[in-house]
Amino acid sequence: MKKYLSVFRIRLINNIQYRTVTFGAVASNIVWVLLELMMYVALYNSAGHLLPMTFSQIVSYIWVKRIVMNMLAVVAYDGEIYSVINNGAVAYELVRPMDLYGKWYSQAVANRVTSTLITCIPVLLIAIILPEPFGLHFPMSIIQVFAFFISVFLALGLVVAFAMLMFITLFYTIAQRGIKIIVTAVSSFLSGGLIPITFFPKKVFAIVKYLPFSSMQSTPLLIYSGNITGTEILKGIAMQIIWMIILIAIGKVLMNHSIKHVVVQGG
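The number in the numbering used here is simply the position in the sequence shown, starting from 1, with 12 added.
Bear in mind the hints are in silico, worked out from the structure with no lab data behind them.
All C-beta atoms in this analysis are idealised placements derived from N, C-alpha and C, irrespective of residue type, glycine included.
Worth double-checking, as some hints may not be accurate.
Heads up, simulated DSS-like pairs for lysine-lysine below, C-alpha to C-alpha not over 30 Å straight-line [stated by the list, open to error]:
#, residue 1, residue 2
1, Lys272, Lys115
2, Lys272, Lys192
3, Lys214, Lys115
4, Lys264, Lys115
5, Lys215, Lys192
6, Lys192, Lys214
7, Lys247, Lys214
8, Lys247, Lys264
9, Lys215, Lys247
10, Lys192, Lys264
Ranges of calculated distance between the beta carbons of each label pair, as one might list FRET restraints [unchecked claim]:
#, residue 1, residue 2, range
11, Pro143, Lys115, 29 to 35 Å
12, Val53, Glu244, 25 to 31 Å
13, Val198, Phe158, 27 to 33 Å
14, Pro151, Leu46, 33 to 39 Å
15, Gly100, Ile140, 20 to 26 Å
Make the full structure from the sequences, and use the hints.
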């Protein structure tokens, strides 16, 4: 465990150094939130009574989604891992006295946490000081706050577990771009990254809510916004735990199989 924490710390220190990138990320996040809010203002003015969330709930959903977006992105800042696989440097990783799955998992977690830490506070401050009805609304109870943070933590573990499956597929493909495009499109849509999954047709929602994607973003966001409460929160968190265990188990099995058959060209 100490080795994996060291990988996390090193990655954290390296990523925090890029201040210009931080400023650009904060500015772009705020612009996108304002654009989304304007879109929903028009939607709620025309058909607000037909929608499954109140406007205050959707405002909170959008702000929190933007704050934790980098942390809960399947395709994120893992360029170094992609490069290690593509250029054959994975051979050096295999001779090190460290479990490769654990190392990459720790590295991927650090990449997402770092990216979130350097942007979340400025965005959060803007969200708080904005006037009604465009400012961030805080949860109604301590239990809701506690459940939200637990759900975010589990969502991060689940997202990285899914990303690990994507890394493993690169052992069998030449290019990474196609996989990244497909995964980004599917995960963004089915996780509630584009629109809340509660806006889906009822029959579609009944299926999507049991997929691992909904546990990646939708569950913590709906907990924060107050769209799911009580026993539904417990069911959502239980679903996150189940999917995380399943994906990690599958990932470790596939990783062990892949590294036994990996062939590095050149030398």
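Holds or violated: are the alpha carbons of Lys247 and Lys214 at most 30 Å from each other? holds (18 Å)
Pair hint outcome, Lys214 versus Lys115 [Cα-Cα no greater than 30 Å]: violated (41 Å)
With 29 to 35 Å as the target window, see if Pro143 and Lys115 comply at their CB atoms. violated (47 Å)
Pairwise hint evaluation, Lys115 against Lys264, where the allowed Cα distance is 30 Å at most: Since the Cα atoms of Lys264 and Lys115 sit roughly 12 Å apart, the hinted pair holds (cutoff 30 Å).
Quick one, are Lys192 and Lys214 close enough, alpha carbons at most 30 Å? Holds - the C-alpha atoms of Lys214 and Lys192 are around 29 Å apart, at most 30 Å.
Satisfaction of hint between Lys264 and Lys192, Cα-Cα up to 30 Å: holds (21 Å)
Restraint check for Lys272 with Lys115, where alpha carbons must lie at most 30 Å apart: Roughly 17 Å between the alpha carbons, so the hint for Lys272 and Lys115 holds.
Do the beta carbons of Val53 and Glu244 sit within 25 to 31 Å of each other? holds (28 Å)
Holds or violated: Lys215 to Lys247, with C-alpha atoms at most 30 Å apart: Roughly 19 Å between the alpha carbons, so the hint for Lys215 and Lys247 holds.
For Gly100 and Ile140, compare the CB-CB distance with the range 20 to 26 Å and indicate the outcome. This hint is violated: roughly 48 Å between Cβ atoms.
Given the hint of 33 to 39 Å, check if Pro151 and Leu46 actually sit that far apart at their C-beta atoms. violated (23 Å)
Do the beta carbons of Val198 and Phe158 sit within 27 to 33 Å of each other? Given about 31 Å between the Cβ atoms, the range holds.
Figure legend: structure checked against the earlier numbered hints; hints not met, in rising order: 3, 11, 14 and 15.
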